[in-house]
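Peer 1: Sequence:
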Amino acid sequence: MGGPESRGVLRKMSDLLELMVKRMDALARLENGSELHRAGGDLHFPADRMPPGAGLMERIQAIAQNVSDIAVKVDQILRHSLLLHSKVSEGRRDQCEAPSDPKFPDCSGKVEWMRARWTSDPCYAFFGVDGTECSFLIYLSEVEWFCPPLPWRNQTAAQRAPKPLPKVQVEGQRELRSGPLQAVFRSNLSHLLDLMGSGKESLIFMKKRTKRLTAQWALAAQRLAQKLGATQRDQKQILVHIGFLTEESGDVFSPRVLKGGPLGEMVQWADILAALYVLGHGLRVTVSLKELQSNLGVPPGRGSCPLTMPLPFDLIYTDYHGLQQMKQHMGLSFKKYRCRIRVIDTFGTEPAYNHEEYATLHGYRTNWGYWNLNPKQFMTMFPHTPDNSFMGFVSEELNETEKRLIKGGKAGNMAVVYGKEASIWKGKEKFLGILNKYMEIHGTVYYDSQRPPEVPAFVKNHGLLPQPEFQQLLRKAKLFIGFGFPYEGPAPLEAIANGCIFLQSRFSPPHSSLNHEFFRGKPTSREVFSQHPYAENFIGKPHVWTVDYNNSEEFEAAIKAIMRTQVDPYLPYEYTCEGMLERIHAYIQHQDFCIAPGPALPEAHAPKSPFVLAPNASHLEWARNASSAPGAWPPAHSLRAWLAVPGRACTDTCLDHGLICEPSFFPFLNSQDAFLKLQVPCDSTESEMNHLYPAFAQPGQECYLQKEPLLFSCAGSNTKYRRLCPCRDFRKGQVALCQGCL
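Sequential numbering from 1 applies to the sequence shown in the numbering used here.
It cannot be assumed that every hint is accurate.
[Stated by the list, open to error] Below are the BS3-like pairs computed for lysine-lysine, each with C-alpha atoms no more than 25 Å apart in a straight line:
no., residue 1, residue 2
1, Lys211, Lys200
2, Lys460, Lys410
3, Lys677, Lys720
4, Lys460, Lys426
5, Lys732, Lys541
6, Lys476, Lys410
7, Lys707, Lys720
8, Lys336, Lys290
9, Lys707, Lys336
10, Lys437, Lys426
11, Lys430, Lys560
12, Lys428, Lys560
13, Lys103, Lys335
14, Lys336, Lys403
15, Lys437, Lys476
16, Lys207, Lys290
17, Lys336, Lys103
18, Lys290, Lys335
19, Lys476, Lys376
20, Lys437, Lys407
21, Lys200, Lys335
22, Lys460, Lys560
23, Lys336, Lys110
24, Lys476, Lys428
25, Lys376, Lys732
26, Lys376, Lys335
27, Lys560, Lys541
28, Lys428, Lys460
Calculated from the structure, these hints are not laboratory results.
With the hints as extra help, turn the sequences into a complete structure.
Peer 2: Pasting the structure below:
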């Protein structure tokens, strides 16, 4: 069954079955189509103009007969193969018994499984499994790795793997004599537009955005190249698989692009593609399952077997939909290569939800978590949890001339409402009425033929606007106002960058998975205190005002104050093209999740912590004479450690000190020595699996250390614990990177 003849037969069977389905679909569509209706009552057709439904069963039966004939041939090949193996010498038969080797404890069990289930997926036959013990052992030792290599296979086992995908050569690039290709910044994005494909409204939107920002990406690349100087950067081979655009996941966004649906994800994906390409890396882009399988080297079948070749990509950027598709089609290779995956995850995945066993045992299991990845492999739209990596997106940056023109052309009494779908306006009449006393209100709500009834008559609705026209509207407006939804989108940053003040609602109590349907099922316990927490916490007044919309007096007072406030266009550096390039460059250069993390050592084996108590005795610092922990990124010397007050998360504790929680530093703190240097009296010390550890519990004077490295978490709190929190500094305007991280 492993020979070229039988593999060809299997492929032919697969092709014919696919052809049969396509013909059935085509004929069915024709039968229901306009041609049949145009025929009217005329039931007499020439022989060569038979109605589309005629002969359908005959065609299907003919194809089925072909498949049946091939199945008989495959059966004959299988019988012939079994006959040959029955004639194998007794000595060889002994060699095909499952060996008892303590290094391969699962071997005999896997052979039993193969004996019972090898026909459950055609991919086993593709790899040469034919129902004999020898074929089981060959497969389990050479394709998978549950059994030891067979001694008599030394000469025959070495099979040449398919060639990896060709690397993308960059213009002006030299291949170093002793190393890989070097990445060179790109300024022409025309080839990227070809790579992105076409045919979907989502892709058309993304390509238009990329084309519009080409000049800004080129200028940003020039600036970053000057900043990095002679830094050598290896060119990475990167697969970008946008799972939510595949037909298998429903492609829910494409049909809504032209009707005011959510565009935040597509904005981010367009900018990710542009950043990776501008940085000079080799890209493949897939938006279908078939393309994904082809690029990965997935064997024919149902996805139970490993890939047919070593993974030709250094990195894979995908989303939760794509992650699920990869797991279904990569077999054991998924576990082997998952460290190379980066998951674009809008709202983030906290460690308690990511660890499958812990999530299941402690009620954190949702539809989206439980992947057992390093939490830093999840990349978010905003920096709302340091447990994940902040990917972000970009807003268009204005030059000084444009900023002056915008300031001079502002209408002091013009407001634009954040909300393109009519449902967002429902029930907002009260404060729209207050706003209307002071400002002319504009909307960009989608509608087909008649004005949505949810939008009051005094609102000037422009309908859904293309991005350039929407930008022009923002450049005239004084105020951009949010109704509480959508959460954390790109539009408020665009408005602030175009000189608007952003007014948003404060949530009391805060929204979370416990009390709000939108967050229910998402793998985070984060509490959201306003519509756009990043704008509130990292930008703030005078550009961002957050008020209680249920308090009419507070709302009206804010409107009056905003009328008197003058602001310049403002864009945080981390949302410029250069800021995003800088951040992704640092991740690609320094983040390596394929290096297995060391165990969270129990106290008896933990090294002495390299910390000293700060002069004011409030926190720990990295000792000047201590080694700098080679390989650690961010660099360990930026670490500062505080003991949080009871009920306070490490995320908030670090922010209280003007710092950022850094989860990669937790292993340095996971020892009793760190507690002792903070003068914490540990009557007992235990090591357990808990996303709040290391921590100190009162009463009882108990110290707890972390047993599971994947559960180190900046998020989470409990009034019982004082958490031990690792913090670091950050670059101005670039919260994802410490001052020495670039």
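Peer 1: Each hint should be assessed against the structure and marked as holding or not.
Peer 2: Results of checking the hints against the structure:
no.: 1; hint: Lys211 with Lys200; result: holds, 17 Å
no.: 2; hint: Lys460 with Lys410; result: holds, 17 Å
no.: 3; hint: Lys677 with Lys720; result: holds, 21 Å
no.: 4; hint: Lys460 with Lys426; result: holds, 16 Å
no.: 5; hint: Lys732 with Lys541; result: holds, 18 Å
no.: 6; hint: Lys476 with Lys410; result: holds, 5 Å
no.: 7; hint: Lys707 with Lys720; result: holds, 19 Å
no.: 8; hint: Lys336 with Lys290; result: holds, 21 Å
no.: 9; hint: Lys707 with Lys336; result: holds, 23 Å
no.: 10; hint: Lys437 with Lys426; result: holds, 20 Å
no.: 11; hint: Lys430 with Lys560; result: holds, 17 Å
no.: 12; hint: Lys428 with Lys560; result: holds, 19 Å
no.: 13; hint: Lys103 with Lys335; result: holds, 20 Å
no.: 14; hint: Lys336 with Lys403; result: violated, 51 Å
no.: 15; hint: Lys437 with Lys476; result: holds, 19 Å
no.: 16; hint: Lys207 with Lys290; result: holds, 22 Å
no.: 17; hint: Lys336 with Lys103; result: holds, 19 Å
no.: 18; hint: Lys290 with Lys335; result: holds, 21 Å
no.: 19; hint: Lys476 with Lys376; result: violated, 40 Å
no.: 20; hint: Lys437 with Lys407; result: holds, 23 Å
no.: 21; hint: Lys200 with Lys335; result: violated, 32 Å
no.: 22; hint: Lys460 with Lys560; result: holds, 21 Å
no.: 23; hint: Lys336 with Lys110; result: holds, 18 Å
no.: 24; hint: Lys476 with Lys428; result: holds, 24 Å
no.: 25; hint: Lys376 with Lys732; result: holds, 21 Å
no.: 26; hint: Lys376 with Lys335; result: holds, 17 Å
no.: 27; hint: Lys560 with Lys541; result: holds, 15 Å
no.: 28; hint: Lys428 with Lys460; result: holds, 16 Å
Hint compliance for this structure: hints 14, 19 and 21 are not met, and every other hint is.
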